[in-house]
Structures are given as C-alpha cells and as structure tokens.
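K.L.:
From first to last, the protein sequence lines stand for chains A and B. In this text, residue positions in the first sequence follow numbering that gives the first Met the number 0: the first is 0, and each later residue adds one. In this text, residue positions in the second sequence follow numbering that gives the first Met the number 0: the first is 0, and each later residue adds one.
Derived from the structure by calculation, the hints contain no laboratory data. As the structure is a computational prediction, the values presented were derived from the model and not from experiment. It is possible that some hints are incorrect.
[Said to hold, decoys possible] Simulated pairs of lysine-lysine, DSS-like, Cα-Cα distance not exceeding 25 angstroms:
no., chain 1, residue 1, chain 2, residue 2
1, A, 113, B, 1040
2, B, 541, B, 290
3, A, 76, B, 290
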Amino acid sequence: MSLVEFKNVYKQYKMGEVTINAVDGISFNIEEGEFAVVVGSSGAGKTTVLNILGGMDSATKGEVFVDNKNITKLNDKSLIDYRRFDIGFVFQFYNLIPNLTAKENVELATQISKNPLDCETALESVGLIERKDNFPAQLSGGEQQRVSIARALAKRPKLLLCDEPTGALDYNTGKAILKLLQNTCREEKMTVVLITHNQAITPMADRVIRMKSGKVIENRINENPMNVDDIEW
Amino acid sequence: MKKALFKNTFREIKNTKARFISIMMIVALGVGFFVGVKSTAPSMEQMAIDYYEETNLMDFRLISTVGFDEDDVKAVENTSGINDVSPSYFLDVSTTSGDTGKTIRLLGAPSKYADSDIINDTLVIEGRMPTKDGEIAIECNDFSKYKIGDKLTIDEKVGDTDIKGQLSTLEYEVVGIVKSPMYISIERGTTTVGNGKIDEFAYIAESNFELERYTVMYATLDTSKKAVSPFSEEYEKLIDDVTDNLELTADVRVEAFTGENIDEAQKKIDDGKKELEEEKAKVEKELADAKAEIEKGEKEYESEISTAQAQIDSAQAEIQKGREELSAGKSEYEKSVAVFNDEINSAKEKLDEGYAQFESAYAQIDNLKTTKSQLEAEKVTAATVTINGIISTLPQGTSQEVLDTLNAYAVSITTENAVAVLNEAKAYLSSVFYGAYDQAFDMALAGIAQLDENITKLSDTIALSEEKLLPVKEELDKGYAELNAKEQEGLAALELALAQLDEAEEKLNTASATLGNSRAELLDAKADGKKQLEDAKKKYEKGKKEAEEEFSKAEKELSDAQKELDDLGEIKWMIFNRDDNPGYSGFVDNTGRVDAVASVFPMFFLLVAMLVCLTTMTRLVEEKRTEIGTFKALGYSDRSITFKFVFYACSAAFLGCVLGCVSCIPTLPRVIYNAYSMLYNMEDSIDIVVDKMSLVLALLAAFACCALVTLFVCYKNLLHKPASLMRPKTPKAGKRILMERITPLWNRFNFSSKVTFRNLFRYKSRLFMTAIGIAGCTALMLTAFGLYNSINDVCDIQFKELCKYNTIIVTDKEKPAGEMGELLKAIDNDDRFVSSALVSQKSISVSSDKESVNSDVYLSVAQNPEDFEKLITLRNRVTKEELSLSNTGAVITEKLAKMLSLKVGDTVYIGEEKKETTVLGITENYVYNYVYMSEEAYENVYGEKPLYSTVYAEADDLNVDVEKELGSDYLKREDVTAISFTSTIIKDFKDMIGSMNMVVLVMIISAGALAIVVLYNLTNINLAERNREIATIKVLGFYHKETSAFVYRENIILTIIGILFGLILGIWLWDFVVKTIEMDTVMFGKSIHAISFVLAAVLTGVFSLVVNFIMFFKIKAINMVESLKSIE
Ligand SMILES: Nc1ncnc2c1ncn2[C@@H]1O[C@H](COP(=O)(O)OP(=O)(O)OP(=O)(O)O)[C@@H](O)[C@H]1O
Ligand SMILES: [Mg+2]
C-alpha cells in the first residue's frame, strides 16, 4: 500500500447559502520515498490538501490514509501525536519563532520528537552551522527557510510537507532550497510533498499531481526525474 | 469621515470585542471608582447641610459661669449678625436605674422663645417630645436601651452637687425616642461629673428645671443658610466676625452682672464678717471670766489640801520620833542583857577553873592510892612466887603432905598475912628439910619488908594530901551558890525593862493607825475637790468649743459665700460654635478622609487604564499596518486614518465612562455613607451630589489618555511610507538578554523558558502594564485586608490584650483613696472579681513643646500601680516589652505621643496649668488617649494626692447574667453611681467596625475587577500578538498543555513579580490610608497580619489563574490554518 492515500476527499466551506468546494472529491496516492510535487493555479486547493494531509485541517468528507492510518478519524490528541511524530512542515513564510536563535528553533522540534536528529547535524545539513546562534531577523529569507527545513528534518518525519517553500525567495535561493529538499529525499529516503504553482519545477519530481478547482486532473510518475541543477526557469 | 472608514471602524470593534471591552472596563473602573468615591464627600456634606437646615442647628452655643437672664438673652438677640436666640437649660445628672449607672445630660426640650424659630430642633423617631413634668425623651442611639414607657429615676446627687433642688421631679417616664443635630456622632462629649464622660443625652420639659437662670443660649446666624455652606471658609469667617460681636456683648453683660450681683453679695459677706467679729469678742470675754473663776477655785483647793497635808506630816514626824526612841531603848536593853550575861559568865568561868584544879589534885591522890594497892598486890605475888618457886625446887620424892601444905600456904597468902605465912612456911619447911630453904625465905621476907615500908610511906602521903584538899572544896561550893543568886536577880530586872519597851511600841502603833486614817480622809477630800474643778473646766471647754464651732461654722459660711463669689470669680461667657459639638468636626474630617482615599485609589486605575490602552492600541495599529498602508496608498489623509483609531479608543473610553458613572456614582457614595452612618446619627440615606470637578477631570483623563496614546501609536506608524507599511513588518529582532551570559543557567532552560525570558525583556510596555496592574491589584487587596486587620486589631488588642478589666465602677463622687476603703473591700471580698484597681480619671488637655491636644485625652492615675498594671497592660507595641509606672513621670499612649511628637524622656505638659512631667514610656493603645501616672508621680507634679472616682475590675466569666447581677448588687450601694462593662463598648465598636468592613469589601471587589481586566487584556493581546508563534508550534505537534505553558509562563512570572511589587506597594498604600482615615481618638492596628499578605497574594494568583483558565480555551481554539495563511 502507498504511504499516502486520499480517497474521495472533500473540503467544503459554507459561506451562508453558498458552498465552496475547496477540495472536491479527490483521490490520489503517493509512495514511500517519493518526491511529489503538487501543482495548480492559485485557488486550486493545493494548500487545503496539504493542510489536511498535515493534520492541521480536517476533511469534510472522505478518508486519508498515511502509513495505513486513517488520519481523518483521529481524535484531537492522536492528531497532535501524528503531527508531532510523523509530519515535517515547511511553510512559505518560514514561521520561525523570532525570539529563538536558529539552533533554538531547531531544538523546538527536537525537544518533542522521539528520535530526532542532532540539531547541529540538521543545521549542518542545510549549511547553516555557523549561523546557529543568529536570530531569524538576522538571517536572510533563504537562510530562514533553510532553518525552517532543518527544523522539519530534525524531527525525522515520515512525511515532509512543503507549501511553496520558495515562494518568497529569489531564483537562486529557491533553487538551492529545492536542491536541499531533493537531496534530503534521495539521501534520507524521506517522502517529500511539495506545493508549487511553478510548472517548471515538475521535472525534478518523482510524482507530479496536477490540481485544478479542487480536483486532481493529473497524477503521473516521472520516470526520469531531473536534478534541480539541470532545470532552468 | 468617509463611510468606508466608518464601517471599517465598527467592524474592527466587532472583531476585537475583547480588547474593546478591556479598554471600556478599565476606564469604567477608573472613572467610576474615582468619581464615585469623590462624590461621597460632597454628598455627605450636602446631606449634612440639609439636615442642619432642617433642624435649624445653632451656630453658637453660649455658656456662662453664672447662667443667663432675660436681659442677657435680649442683648445677644440684638448683637449684630445674630438672628434668633433660644435660651435653655441643661444639667448633667446620673441615673442608676436600668442595669448600669449612666451619666446623662438633660437638655431642655427645644421650644419657641419669643418670636424666634426653634433652634436645634429634634427629630422624633418614635413617640413625642416631653410636654409636661416627669416626661423625658431619650436619644435614639444604639447604646441607649430605653423604650417608650420605661421609667427612669435621676439620682438625688451627682458627686457633691445636689440635683434634687434643681429639678422639680426625679422620676421620669420615657415618652419619646429622638435624635438631635447637636449629637451627630457617637461621641457624647465630656462633663465635670461622674467619670467625665457623658453617656447619653435626653430631653425634659423646660419647666422641669428649677433653676433661677438659664444655663445655655443657642443662637443662629443672621445669614441665610442656603447662601453659605457651613463647610465653606466663608462660613468660618462669618462665625469669626460674629464671635467678635458676641464677645463685646458678653463684656457688657458681664459688667452689668458684676454690678448687680457680685458687689451686693460682697457687701453682705462683709457685714456678716463684721457681725461675726463682734459676737466673737463678746463670747471670748465671757469665756475668759469663767476661766478666771476656775483658776481661783483651783488655788483655794491647792491651799486647803496643803494645810491638811502639813498636819499629817507633823503627826507622821512624831510617830517617827517615838519609833526612833523605842528602837534606842530596845538597843540599850539588849546591850545591858549582853553585859549581864558577860558578868555571870566570867564569874562562872573562874569558879569552874578552881573546881578543875581541885579535881586534878584529887586525881593525884587517887594515883597514889593505886600505887599503894599495886604494891600490896606485889607483896602477895612475891610471897606466892616464893612459895611456888620453892615448891618447884623441892627434891623428888618430897612427900605430898609437904607439897599440899606448901600449896595451902601459897593459896592462903594475903597482904596482911604474907609475912606470917612465909614465916610459918619457913618454919614448916625448916622442920622438914632442916633449914635448907630458910635462906630463900629470908630473901623473900626481906623483899616484902621493903615493900611494906614503901606502902607505909604512901599511906602517909595520901592522908596528908586529903587533909589539904578539903577546905578548897568547901570554898568552891560557896562561890557557886553566890553566883546563882546574883543571876536570878539580874534576869528579873531585865524582864521588867522589856515589858516597858513593849508597852511603848503598842502606843506608837496606835498612833500610826490613826495617822493612816486621816491620810485616807485627805485623799478623798483631794479627789473630790479635783473632780469639782475638772467638771468646771470641762464645762468651760465645752462652752468654748461650742462657741468656736459656732464661729467657725459662721466663718465657713461666710468664706463659702466668699469662695462662691470668688469662684464666680471672673464672670465669664463662653462662646462655642458648631465645631465644639461632639463629633461635628469629626464629620467634616471624615468626609475629607474619604476624599483623600478617593484621590489615591483611582490613580492606579488611571495609570493602568493608560497602560491597557497603550498596549491594546499599539497592537491594534500594528495589526492594521497593511490596512493603514492601503488607506494611505488609496489617498486617505493621515488625519482620517488616525481618526479611525482615535475613534476606536475614544468610543471605548466613552462607553467606559458611561458604564463607570452609571454603575459607581449612585452606589459607591451610598455604600461608603452606610459605613459611616454607623458613626453618625443623621439622615439614614444620602442624595448623590456628583462632584462635577472630579467627573470632568476623570472624563478628561480617560479620554486624554486613550486619545493621546492612540495618537502616539498612530504617529509612529504613519511616519512610514505606504509601501513599507504594506510589507510585513520586519519582526522585532531577537535580542540576547543579560541572563544568557550566565551560560550554565541559560543552557538548562528549555526553549519555552528561553522564549519567556526573552519576551519578558523585549516587550517592556507589556511587562510594565502587567506588573503595574497586578501590583495595583495586590496592593489594593493588601490595603483592604490590612485595613481590615488594622480596624479589627483595635478591638481585639485593646480589649483582649491591653485592657484586662471588664467592669468599670464609678463612685458617687471624687474622693481621696482613704475614703474608698469600704467599696474596695467589698470588691476585694467579692469572689466574682479577680482583681481591681482604684483609678482617678479626668479629661485633660496635653501639650508638648511643639503641639497640643485638647480633646479626648484622659489623665489616669493609678492608686496602686501594681494592681493597675494587672488590669491595663503597658507595653511597647513593637518589642512587647512591659512598661511600668513610677514616681518620676508619666506613661503616655502611642497615638498621643505621635500627635505631640514626643519621645521617651521628653517633657510633657499636663492640663491647662501646664504641669510638667517626663515621658517615662510610650505604651501601645488603640482607643482614646491616656496619660498614665502613679499616685506618687501625680503628687510630685500636683503637690497633692489625686481624688478617685473609678474602680477598674476584672470579673471572672462575665456574661449577661453576671453583669445584671453585678449591676444590681453594686448600684444598691450608696457610694456607687454607675457600673459599666466593656462588653458594651466592645459591641459598639464591633458594630462600627462591621460597617467599615463594607468599605473594605468594596475595595477588594474593585481590586479583583482590576486584576481580572488587566490580566484578561494582557493575555488577550499576548495571544493575538503571538498567534503565529502558537499556530507554528501547534503545527509542530505541541500538546495543548505545552502550548499553553508557552504563553502562561510569562503571565505567571509577571504575576509573581507584580504580586511582590504589589505587596511592597500595598504596605505603603495601607500605611497612607490608615494614616488618612485614622481619627484622633482611635489608633488603628499598626500591622498587617501575615494571613493578609497570603490572602492578597493568593487571591491575585487565583484571579490570574481564572484568566489563564479562560485563555486555555482560546489557545486551544487557535486555528492553525488561518493563522498561518498570510503574513501579517
Ligand atoms: N477559510 C476559507 N473560507 C472560505 N473559502 C476558503 C477558505 N480557505 C480557502 N478557501 C477557498 O478554497 C479554495 C482553495 O484554496 P487554497 O488555499 O487551497 O488554494 P491554493 O491552491 O493553495 O492557491 P494559492 O496557490 O493561491 O495558494 C480557494 O478558492 C479559497 O477561496
Ligand atoms: Mg496556497
């Protein structure tokens, strides 16, 4: 069975009389160790899907299995446990705690994990070991995003979810971040789900999921994923 | 304002309800509390003004040392500035009816005098005012236990003053319960009778007073009451002016009185004195005559006695002489007896001597006779031996016949025949033996011849001697006979002499007996005479004493009259105004106190309100950066953008003001007045008079602080260019704090502690707001609890630890300790009492070099300091070290020492006379002010012993029944006027305190409200500000508890800091409040109990917990998705 499996998942927002189907009955699956990219235009429901997958949001209908666990049926406590032990999240706007240094931000994650990476190792893997004692405000956007990735990696999650991690970054920095994620996926055999509205990135993925208006319009496996370095956009 | 902006603003308010309500609530609390409390004083003042006007309270009260007459009344009425005058009476009396004795001030029922209005009108609570003799209306205060229909008997005397003569009746029936504007507080003032305290006042009809002159005049000012508030300075000035006028009137009237009364009285006294002198002289002369007569009689008596004595003395001398002669005769007789005896004896001796010689001579003759008979015996022996010798030499064979013959010869030998026998024997033997033995015989015969010769010689000698002795013996015998005759003769002569002597003695004895009789007679006569004399003298003395007594009585009468006149001495009018009414000035002071407290408390609220507003608005404006930028970019002016926020803040402030005013202004003054109404006997409720000044001030402050703070925050943000505003604000840079430098410590912290500490130091305004808000809450609460302690300690410490006595017995009058014996003994022997002490107590004024205190100070003199200290603990409040009275100075109470700024060792001046003494110690005391002295110390200061009137006693297991029993037992005594028990004082006090506790409760509630508002607001903003952070860590998989702890830690630390500061601040605030509201007569407890600190801290902690608990759900509800959706 696949690591991630969406079965006919709906997410509806009721705004008075109108019902908006942000996610409109989607089903797809992602295998373990894959680097999956979700693409789609703005408002397609990508973030909603990721949030449901990350246990931050609940589906209105349908079932989501992660590692044979139906996360739509989990109670509050188990859902937190799920986020705590199974999920790593990288946000578009980094969301580092401004009052903690880079290292401390990573520690924030390692303190609650069962089998965490050493936080120095994590920072080293994102190449920021020298900046470990800097506060977020003292780091550039890319550096902050790398700390954010280090924080997610340090938990050693089953699933690494990234919502437009390069959205606020320039081309080169974005590329470096993507490379870091790809390497992590390859080397650590970690399943990575990455959201982007940038079509150009899709060649680097093992699996491409294309969404439109809350529906998955394409779910294909990329037979020859490319290295990030070889992609230009 | 543009419509869109308006809409936007209302939506903002709707979206941030919690913050808006926070600002509103804090403003409501601040403004409401401030204006509410501030309005209390004016409301109370207005109530007083109305009450005084309604009852037409006098403005002046005049008293004179001699009372007043109609002319005086008219004179006062005509004084400029005076409207109405009402003359009346008052009399301080005591009553022993009821359970305990009481000192009552009897007042004449207010009545219309001439055409003036009734002054000091009473309010009848129940029944009616007395209209005829024997009716009485009693005051309505709690400690008056009378009911309508009760009977009340006034004591005939109070102290030395006769009351019976001053009242038409002493029996009264209670017909009404009233209150008087003159007695607005529970104070009843002082008096010169009883123990110096008036317990109650009561009204009787004026016709009951049998006094020649009015004792008091009440007068009102000419000015309309409505025009001038009695609390204004204008009124004070008016009073001063009119007082001056009244003084002039007084001078005139006093002079008139002196002319009419004093001089005449003086003349009467002088006449009396003169008359007395004359009478005295007359009586003195009579007495002198009597005395002279007695002296004469005395002299006569002396001479008569001495003559009789002389006669007796001469008889005595004669007897003496006779006795001497007799004894001379006796001794002569004895002498002649001795001589006679000597003579006889010597003659006898001589005769005896001669007789002895004769005897010895006779003895010699006997010797010779013996020798002769010896010789004769020898002759026999020699003859016998010769024969026996021859026998033995006879040859053997000599015939028996020879032998027998020889033996016969031997045996037959005698003195006379010896020679013959021998010759025969010779012859015989010669015949037989032929002469053989002749020779032997011859020899023997020769020997015997010799012997014979000697014997013959001896016989001759004896015969001769005997012949010589015979005449001697005859002569001796004759001598003896003569001597005997002579002795007989002498003895007879002596016996005769002795008989004569005895006769003489007999005679003397008879004479002596006669003398004795006459002597006894003389003694009797002497005693008789003396008694007569004595009687005469006694009669004289008695007469003299009587005369003297009469004179001294007359003199005393005169001097009393003189003294009375002198005591009037300086005839004086005393002009009092309302300030001298018991409790009047206290009421004014109290309203001032409320005002002072009102000024302090709301300062916190305003300060906190400002901080709440600042943080809230800062947050709001920062949240709306983008929006501000957008509006700016769209072309809205800075002013209209700013206006939106100012409008937001000000509408919150406005609603807060309305809410605060509506809820607090009508309630707070009433609550506070309710507390005070326990102390005051005025209207039951008050009409609210809003202190407009404070209202305006509070509104201005509230609006200004909200608006200014908002303007300030907006200004800071509007400076930026629209573009930079629309970009997310660069997060405030993380900063290292000092604590991180302590690496070992820092490294031990987990991330949330680190965040907590960094946050604490980064968001200073938040830190201050919370700390100040919580500190304010704790401080208010501590003040409230501390106040509660202070007030309750007064009762608890004063009556449980300091005053051990529970019974006070007041005597009929002041008297020296010596005259108290009976009462003291009765108390001593009463085993319901454990101990007792005799005390002299009077109301005095006291001063130091700097200050002086004139009211509510009592001089308490202990007759026996040891007993006294058993009942009244004298000790240092702080060290609890016991103090004791000594003869070198006085111990004063703490409050008094403070008011006079006195230290131990300083000099204190007692009474009007300013007697000096040293402060020996300062003792803990809470109610009233005392100067304690021992009797010796008093004597050292005043030069005389004090007069006593009070006994403090401690009864065992005192309860209502025992009190009743003691009351009836002791009031039966002639020498007891009143007996009271501290239980009633304690109850009154407890009631009073109970009402004060209401104020404390108000404070605690407002403090709690403050804490909740501040904490809620703070946490709310904290959450909003850290929404993203919280969402992030929630995404990371933090449990709810961990997430909350992340937020709470800061709150908890701030709460703890705030509590600590608050406790310190609270001590200071409490100290201030206690000092402000303290009255002169009461010292509040000087310590906050530990439990109060704990309560203040714990309650604040609990409020904080409640807020945190509410917040827990808010944290739980934070939506991760929405919070993280966009950048702010
Ligand atoms: N809280 C909400 N209430 C109502 N509608 C919502 C809410 N959240 C999302 N939607 C709707 O759901 C749809 C999907 O939104 P979603 O954020 O998943 O899009 P997206 O694919 O991530 O777009 P983008 O690339 O712009 O981030 C949108 O049409 C949006 O309008
Ligand atoms: Mg999205």
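K.L.:
Taken at face value, is the distance from the CA of residue 290 of chain B to the CA of residue 76 of chain A at most 25 angstroms?
P.N.:
violated (131 angstroms)
K.L.:
Would you mind confirming whether the straight-line C-alpha gap from residue 541 of chain B to residue 290 of chain B stays at or under 25 angstroms?
P.N.:
holds (12 angstroms)
K.L.:
For a C-alpha distance cap of 25 angstroms, please report whether residue 113 of chain A and residue 1040 of chain B respect it.
P.N.:
Holds, at roughly 18 angstroms.
When each numbered hint is compared with the structure, a violation occurs for hint 3 only.
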